[in-house]
Amino acid sequence: MENLIALLIGAPLLGAAVLLCGGRRLDRAGHWLGTLLAAVSFVIGLALFADMLGKAADDRAMHQHLFSWIPVEGFQADIAFQLDQLSMTFVLLITGVGTLIHVYSIGYMEHDERRRRFFGYLNLFVAAMLLLVLADNYLLLYFGWEGVGLASYLLIGFWQHKPSAATAAKKAFLVNRVGDIGLSIAIMLMFTTFGTFAFGPVLESAGETGEGTLTAIGLMLLLAACGKSAQVPLQSWLGDAMEGPTPVSALIHAATMVTAGVYLIVRSADIFNAAPDAQLVVTIVGAVTLLFGAIVGCAKDDIKKALAGSTMSQIGYMILAAGLGPIGYVFAIMHLVTHGFFKAGLFLGAGSVMHGMNDEVDMRKYGGLRKYMPVTFATFGLGYLAIIGFPGLSGFFSKDKIIEAAFAKGGTEGWILGAVTLLGAAITAYYMTRVMLMTFFGEKRWQPDEHGHEPHPHESPKSMTVPMILLAFGSVFAGGIFGIGDRFVNWLKPVTDYEHGHPPISAMAVTSATVAVMVIGVGLAYLQYGRRPVPVVAPRGSLLTRAARRDLLQDDFNHAVFVTGGTHLTRSLVYVDHSLVDGVVNGTAAGVGGLSGRLRKLQNGHVRSYAVSMFGGTAVLIAATLLMRAV
Amino acid sequence: MNPVNYLYLAALLFTIGAVGVLIRRNAIVVFMCVELMLNACNLAFVTFSRMHGNLDGQIIAFFTMVVAAAEVVVGLAIIVSVFRSRHSASVDDASLMKL
Amino acid sequence: MSALAAYATSTGEAFQFWVLGTVAVVGALCTILMRKAVHSALCLAGTMIVLAVFYLANGAYFLGIVQIVVYTGAIMMLFLFVVMLVGVTAADSLKETIKGQRWWAAACGLGFGVLLFAGIGNAALTEFAGLGAANAAHGGNVEGLAALIFTKYVFAFEITGALLITASVGAMLLTHRERTERARTQRELAEQRVREGKHLPPLPAPGVYARHNAVDIAGLLPDGTPSELTVISTLRKRGQVRDVSTEALADLKALEQRSAERLGRDREEEEAGR
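Quick mapping for you: the protein sequence lines, in order, are chains X, G and Z. Numbering-wise (the numbering used here), the first sequence opens with residue 15 and increments by one. Numbering-wise (the numbering used here), the second sequence opens with residue 2 and increments by one. Numbering-wise (the numbering used here), the third sequence opens with residue 6 and increments by one.
Just chain X, with the same shape it has in the complex:
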């Protein structure tokens, strides 16, 4: 069975190669091929999963050594894979959701003449993401990490004829580079500390290493996670990444790629466990992002950007949980999986709405769509209930556990983190209800565009609704399947360790509080957007609202600090380069040139001048000889 692991990656990689190199001949069948290969990968994943379930819990990890990548003395890097329960979870999520989104894209991208290329990129992404989660060493993980960055860049900028999309792609790529530097430094630190990259030796010997080194490695890993998972302070690219096609937003920027940071932290659990300072920073980053994303999500009128803010916030939950240590890892991954279902479903729903509304994204121009798109409404609604944590649906189980774990952290920290997560839950309920009400309820607010075409909202084709329905099933039942009887905990426990957290207040009280704040959030949103008509033109709003609409001024901050500062720095460097460095270099050259010009005059071609120098030289030689004799 181990030999199938390479095939998991190989199938979509083959698809990417064929689709991207195949040319226009494949235009007609390309999307089918891409979808088929993603599905093949999913089927292989299921087979491996079945095989894994048949083994004892401690014996489930599988390894496959493909070949030696860099066989240098003292620097061993292998193309080798490790499939344990954690990787398995990701494999199923990536290939499963990925396949559904492939199917969805067949309908969504139907009228795009570059659809074959799109599927090639999607396959490339799936392959790179699988490489990321299946790698058995950090170097190979880094390879996959950069691969998903590349695929993300290509897909965000897929509609490169739009300047905004091209810019967004560049922005995502650049911001991700900052995080990647963190990962590369972390890997270098690991190599100098442990002498290897492989997960096994590194993580096993993590406990015996100095805490300072581990904290440094941990912080660098966190930086990497921040870049990939859009956490504060590297969060600014995610909102702009919504310029890409909606399936991309669903697959990459909601369900899979942005969770790579969580995977990285959970995978490196042993390092973080031994570095409490790094863990604390992780929880702080998670908590800040959680609120940051939620506030941004409240103010956006663009449906995709509102969902992007929500994604940021939900990943903040996961990062926070991952920072809590063994009491949180499992729930971080569990929330990750349930979030993968319902956020993908929400994005696909948003895509479906846009599909019916002539690609309009402004929620203020929607309204009352539930009559026109019943399937979309139903699936989106189920996703909505799941994300706000409606009891019984998947978000309820996973988020509630994270809130419990936050309280269980203990001490003042526990109370603060618990309060933040509760507040986040309330805001989540508020902004998601706002999205729901503005889109599907109220009066219709759309108007003819400048060409006089009035949108005719309609239900999307089967290829789009079926994946949405399947994801809705996941949104509804995944939490229950995972949560009841601690199935997910037992599944992951051999990999990530698990300690049962004991919150200072009873679990029941936490759950009640969660439900209560959720109800409050929904109620507030209903008062604001359900009882009153929604204005088509956005009101000016409070200072906070205006700031939130501009992503809480993150771009302004980056511009002021990094762009302006960088410009000044480079200008002064250029000045120094011109005046000092070039001055020295040119001065030396001019000095040598001038000296040579003078020396050259000695070379006047007159034999007698040469004779004088010879004669003088002889005299000097004799003088030297005599002096040496004298001495």
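Note that these hints are calculated values from the structure, not bench results. Here the structure is a predicted model, which is why all the values come from computation and not from measurement. It is possible that part of the hints are untrue.
[Unchecked claim] List time: in silico DSSO-like cross-link candidates among lysine-lysine, alpha-carbon distance up to 30 Å:
#1 Z/K242 with Z/K100
#2 X/K615 with Z/K100
#3 Z/K242 with Z/K41
#4 X/K69 with X/K507
#5 Z/K104 with X/K615
#6 X/K507 with X/K385
Dock chains G and Z against the given chain X, drawing on the hints supplied.
Using the frame of chain X, we list chains G and Z on its own:
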């Protein structure tokens, strides 16, 4: 008188010859000055021969004369052919090697 | 002979040294200071003869004779030949053309001389073995040299022989000019002159001036200027053309000026009269 005076004379003649090489432009005169320097050397050799009481110094002087004769033959031939092509025997005119 | 072995020479040799030494130095100085190459050559020959005498005085009888026969007799005569070939009367300008050359030469020469003198003065050169024993060993100076040349120095001797042969072949190569084409006949030369269209008649004769009918005097044209064409090209190249036209030209110029002044005065008077 100490015979070492011959050496001083040789040194003086040699120096005069060298200065002549430096200040004269006529290639023939330059050549003559070279001959003068060779002769000064010969005088020194002969004096050394007397000083050491063996004939080797005279042998060297003899060879010097032979080589000087060969040198004069070739050198004068060169001067003649240069004069033929350039109508000048000035060493300053042959300054094509400069930049 | 015994004097040669002494630490100090005989009074006669000392007298000879000081007198002839002065002559040698003066000759050397004249060699480098005379403007005409032929004078330099003669002065150098004088110096060489003095040196030959010194060789003899130092017991090098063979070298003394060779010096006179080969150096003064053959080499210096070769020099004189070449000097004649290049231009015997052409005097060199002693004006220095390279900036600073003379000062550098003087400084280097002075420094070099001082160093040589200092070197000789510092050397322990008080012991003079003398050549008496060495010369007597094989029955004489010439025999002694022959014994050395044909035994110890036989290879060097052979090699210098080869060098001499090579040098003479080289001199022949350098001075010999291969005629690569047939010499043109007078007829062909005349036809070429007609074709080129200049100097169809023979070149004008030199020395038309009454007092100077020598071949090195350029003939005067009707306006009083000398024509270089009248002098043969060899003399022209040597720069041996004498010029007597300046007097005539000056006379002519004075005449013109006088007449101009008179005419000018006449005109002024005329204008005043009006």
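Outcome of the hint check:
no. : hint               : verdict
1   : Z/K242 with Z/K100 : holds, 21 Å
2   : X/K615 with Z/K100 : holds, 21 Å
3   : Z/K242 with Z/K41  : holds, 17 Å
4   : X/K69 with X/K507  : holds, 15 Å
5   : Z/K104 with X/K615 : holds, 11 Å
6   : X/K507 with X/K385 : violated, 46 Å
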